[in-house]
Every structure is written in structure tokens, then in C-alpha cells.
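S.K.: Here's the letter readout for the chains.
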Amino acid sequence: MIEIGNISKVFGDRKILSEVSMYLETGKVNMIIGQSGAGKSVFLKCLVGLVETDAGEIWYDGRNFTDMDYEKKKELRREIGMLFQGGALFDSLTVEENVAFPLEMFTKMTKAEREERANFCLKRVNLTNSNKLFPDEISGGMKKRVAIARAIAMNPKYLFCDEPNSGLDPQTSIVIDNLIREITLEYNMTTVVISHDMNSVMEISDNIFFIFSGQKWWEGTRADLLKSENKELCDFVYPSSFMKEYKKRQH
Amino acid sequence: MINILTHLGAYFLMLRKAFTKPEKMKIFFKRLSVEIELIGVDSLALVSILSLFMGAVILIQSAYNFENPLIPSYAEGVATRDSMLLEFSPTIISLILVGKVGSSIASELGTMRVTEQVDALQIMGVNPVNHLVLPKIVAGVLIIPFLILMSMFLGIVGGFLATLITESVSTTKYIYGIRYGFEPYYVVYALTKASVFAFILTSVSSYHGYNAKGGALEVGRSSTKAVVYSTIVIILFNLILTKLLLN
Ligand SMILES: Nc1ncnc2c1ncn2[C@@H]1O[C@H](COP(=O)(O)OP(=O)(O)OP(=O)(O)O)[C@@H](O)[C@H]1O
Ligand SMILES: [Mg+2]
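Going down the list, the protein sequences come from chains A and B. Quick note, in our numbering, the first sequence goes up one by one and the last residue is 392. Quick note, in our numbering, the second sequence goes up one by one and the last residue is 1068.
Hints may be right or wrong, so weigh each one.
Mimicking EDC-like on lysine to aspartate or glutamate, the simulated pairs with C-alpha atoms at most 20 Å apart in a straight line are [claimed, not checked]: (1) A:Lys284 / B:Glu937; (2) B:Lys842 / A:Glu216; (3) A:Lys284 / B:Asp940; (4) A:Lys389 / A:Glu370; (5) A:Lys214 / B:Asp940; (6) A:Lys186 / A:Asp210; (7) A:Lys213 / B:Glu844; (8) A:Lys264 / A:Glu237; (9) B:Lys845 / A:Glu254; (10) B:Lys838 / A:Asp210.
For the record, the hints were derived by calculation from the structure and aren't laboratory data.
Start from the sequences and build out the full structure, keeping to the hints where you can.
M.R.: So, in C-alpha cells, the structure goes:
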């Protein structure tokens, strides 16, 4: 479980996040939604320390991340798996080597054991027969899947995904979404997913956090979301006049 | 001015992060051997050709200039040897390697930065500077002096080959010349310079690549900056080292 207490972030004179607090549960898919430019990626980067927060605290299962020095942060990060918006695969390594990289770095596994684990993770994301290909030889959806395989290779306790299905076709999106949900339940991870795709929100989210103008504007479950009358949230969820009409009819 | 100081500070902070104990020595040596190949082995052909031709040109030019009967007939050999040892091999070859190696270091690191591969390393709990930059610096400092040594030798060979097509310089006089009054200290001097230049080249280029921001355009810019600043710093240190070592 991750507790976030009043974190704020300013870039120059632009306030990106102001006093955001959240409680992200273990074994659940915590979904963060909001408009483009709302500060979702910055928020996630603050969580893992890629961006320094200006104020506030972040606790990972009772451990204060904000107070840690570089070495301690490094230790804790080994429990984190992260899926970047663009995949961020190492392009000098093959698919299999990418997945095995953290294992080689941090475990005493033999080469055979690493290969076995890498293959297991790749199978888990339904990716076989591509082990020896390089990242620039596979498609966008495959890259996302390799990135997920790499993120789960070390059995992380925390999984962060920044727009796991942006740029994918609806079918592949659903496959990836379900995969994230399954592994979250299977390994009891604390999963945080950023998305602005309402399909995936409705498919896999347990808790939903809506970020608007740098604040946590709204939070709740899927059922709450359907009932909510919050204006900004409704504008985000039902962007077109067609959808607004649809919502009116439902009531 | 403040800008220069900030960069200098950030550069030294990066070096401090680079010079820490690698997570796993085995991975470090694997990365090191890759870098030795990229920096050293891949530059062999370029350095060889340049040195052979430069040696030949220096010989032909000095033969042209030394037609005065007062100048001893082995002077061309001495001139070729000393020009190669003192200036051409350590400095000019280093500057040429800036263009070849420095720009490729900067664009490799810059691409990794803007495609979030550096962030991915950070999140895994790897020290990215140590993992990426240290092997480049160590490989450069290890292998570039060898390239320079080879360049000196091939330059002198180039001069030798040129005597075969130049009537005014006899091959035996040339061989006498290259052995005449040979100062072994010149080799030490050249290799000291080469190591310092190798360190500057790899670290300054890494600094610019590692700190690239934005997109592909910025990667190109960082690679240009890497070449420009490495060149300037090397030229500056060339003056300082020459003053220090030849006094
Ligand atoms: N390093 C930075 N320096 C300055 N401003 C930044 C930086 N990173 C992000 N921003 C600004 O912060 C704001 C939020 O960016 P962020 O990437 O978090 O948006 P987002 O919610 O993830 O959007 P999207 O859905 O399009 O990915 C943007 O206005 C952006 O310009
Ligand atoms: Mg984003």
C-alpha cells in the first residue's frame, strides 16, 4: 500500500500538482485519470522519485520514501516495476535480454535460470517466438508486452504503468489491460495505472482517482463514477455531446 | 559565467556518481569490452589510414623545405618522428576521435535519455551514470593511448614509404634520422597527453549526451555540443600539458 500525503510540484512558476493525497491499496488496480497535461505523468514520476517533489510525503508500506537517501531509494526501487509510456526498452539488448536484465543485475541466478524466468514472464504476456529480436524489430504492442514482462521479472511489490495502452488497437488494449489486472491479483501487487482511455477504466479499475487542475478532484470506484454528478468529471468521462445525451437518457 | 559554473558543477557531480563501485563486476566487464570494441577496435582503420598518410605528407613537406645543404640529410627523419610523436599522434588523432567517438557517445546516451531508458535503469535501482558512463571512460582511457601508440608507429612507417617515392630523401638516411637523438620521454609525454585527452573526450561527451532533454532534435544538438566542448577542453589542456611536461 502506498500513502501519499499532500505532495506538490511546481515547474518554474507553473503549479503542476498541489497538495495531492492518495491511498493506493495493495492487490488493487488504482487508476489515475485526467486530461492530457493534467500532471499524471509528473505525479507518477514524483512517486518513484524521478521528479523531486517540492512538498509532501510518500510512504511505501510504512517506509518514508521522501526521507530516503540515494542508496536507500535504490534499494526500494528494486521492488518497483515500471512501464513507461514509450516502453523504454534497452535497444541494444534483445527481447529476452531486456527481460533478463534486472535478473542479471540483482540476482545470483545462472544464465539458464535467467532464461527460464525471462521465458516465463514473456509467456505470461503471451509473447513467444520473439526472444531473439531487437526492440526495433517488433511492433508497438509487442514492445508494451515486453516492457510489462521486464517490469514483472523481479516479482515487484509495486507496479506502475503510464498509459499502458496508448497507441494500441482496442483489442490489444484489452489484452494488456486484462494482463495488468490478472498479474495484480495473482501477485498481490500495488498497481497504479495512468490512463485516459475510459474503456480500460471500466474494464480493470478498482479505485479511480481523477486529477484536475493539479488537484485530486474526485475519487471512487467504477460504480461511483457512473453515478457521479461532478461536473468536471462528467465532462471528462462523457466528452462528446453524443455521450452526454446518452448519460441523460440513462437517468 | 554562472552558466559555465553550473555546468562544471553538474559535470563533477556526474563524475562522482560514475566513479562508484559497479553493482556487479561481471556486468561492468561485459560493458567494458563492448565499449573497448566501439571506441577502440572500430577506430583502428581510421587512425591507421590517417597516420600513414600524415607521416608520408610530413616527410614530403620537410624534404621540400630542407633542401638547404646546411641541413643534415637525415633531418627529414627526425622531423617526421618528432612531429608525429609530439603533436600529430596525441593531439590531432584525439581531436579526430572526438568527432568519431565523442559524437557517437553523446548520441547513444542522448537517445537513451529521451526514450526514458535512463529512467528505466534508475527505476530498476541501477545507478545509470555508473552503469553507462563509467565503462566508456575506462575503455577510452585504456584503449586510446594504444591507438595513439599505433598512430606514432604507422606515421613513421608512412614516412618510410614516402621515401621510396621521393628522390631527395634516401631510405637509409631516413632510417638513420628516425633513430637519431631519440628521446624515449617523448613517448611518455605523448601517452600522458593521450590518456588525459581520452578522459576529457569520453567524460565531456557523456555529460552532454546524458543531460539531453526533449526529442530527437535535442539528441543531435547534444552530440554537436559534445564535439565542440570536448575539442575546446582538449585544446586548452593541450596547452597546459605541453607547458607542464616539456619544461
Ligand atoms: N520536466 C518538466 N519541466 C517543466 N514542465 C514540465 C516537465 N514535465 C512536465 N511538465 C509540465 O507539466 C504538465 C503536466 O505534464 P504531464 O506529462 O504530467 O501530463 P499528463 O497528465 O501525463 O499528460 P498526458 O496524458 O498527455 O500524458 C505539462 O503542462 C508539462 O508541460
Ligand atoms: Mg503522460
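S.K.: For a C-alpha distance cap of 20 Å, please report whether Lys838 of chain B and Asp210 of chain A respect it.
M.R.: Distance of about 14 Å is within 20 Å: holds.
S.K.: Keeping to a limit of 20 Å between CA atoms, is the pair of Lys186 of chain A and Asp210 of chain A held or broken?
M.R.: 17 Å, holds
S.K.: Does the alpha-carbon distance linking Lys842 of chain B and Glu216 of chain A stay inside the 20 Å limit?
M.R.: 15 Å, holds
S.K.: Does Glu370 of chain A lie within 20 Å of Lys389 of chain A when you go C-alpha to C-alpha?
M.R.: 11 Å, holds
S.K.: Has the given pair, Lys213 of chain A with Glu844 of chain B, been kept, meaning a C-alpha gap of at most 20 Å?
M.R.: 14 Å, holds
S.K.: Run the distance test for Lys264 of chain A versus Glu237 of chain A: straight-line Cα separation, threshold 20 Å.
M.R.: 11 Å, holds
S.K.: Check the hint pairing Lys845 of chain B with Glu254 of chain A against an upper bound of 20 Å on the C-alpha distance.
M.R.: 18 Å, holds
S.K.: Between Lys284 of chain A and Asp940 of chain B, is the straight-line Cα distance small enough, at 20 Å or below?
M.R.: 17 Å, holds
S.K.: Going straight from one Cα to the other, do Lys214 of chain A and Asp940 of chain B come out at no more than 20 Å?
M.R.: 14 Å, holds
S.K.: Given the hint that Lys284 of chain A pairs with Glu937 of chain B, test it: the Cα-Cα distance must not exceed 20 Å.
M.R.: Roughly 14 Å between the alpha carbons, so the hint for Lys284 of chain A and Glu937 of chain B holds.
In this structure, every one of the numbered hints holds.
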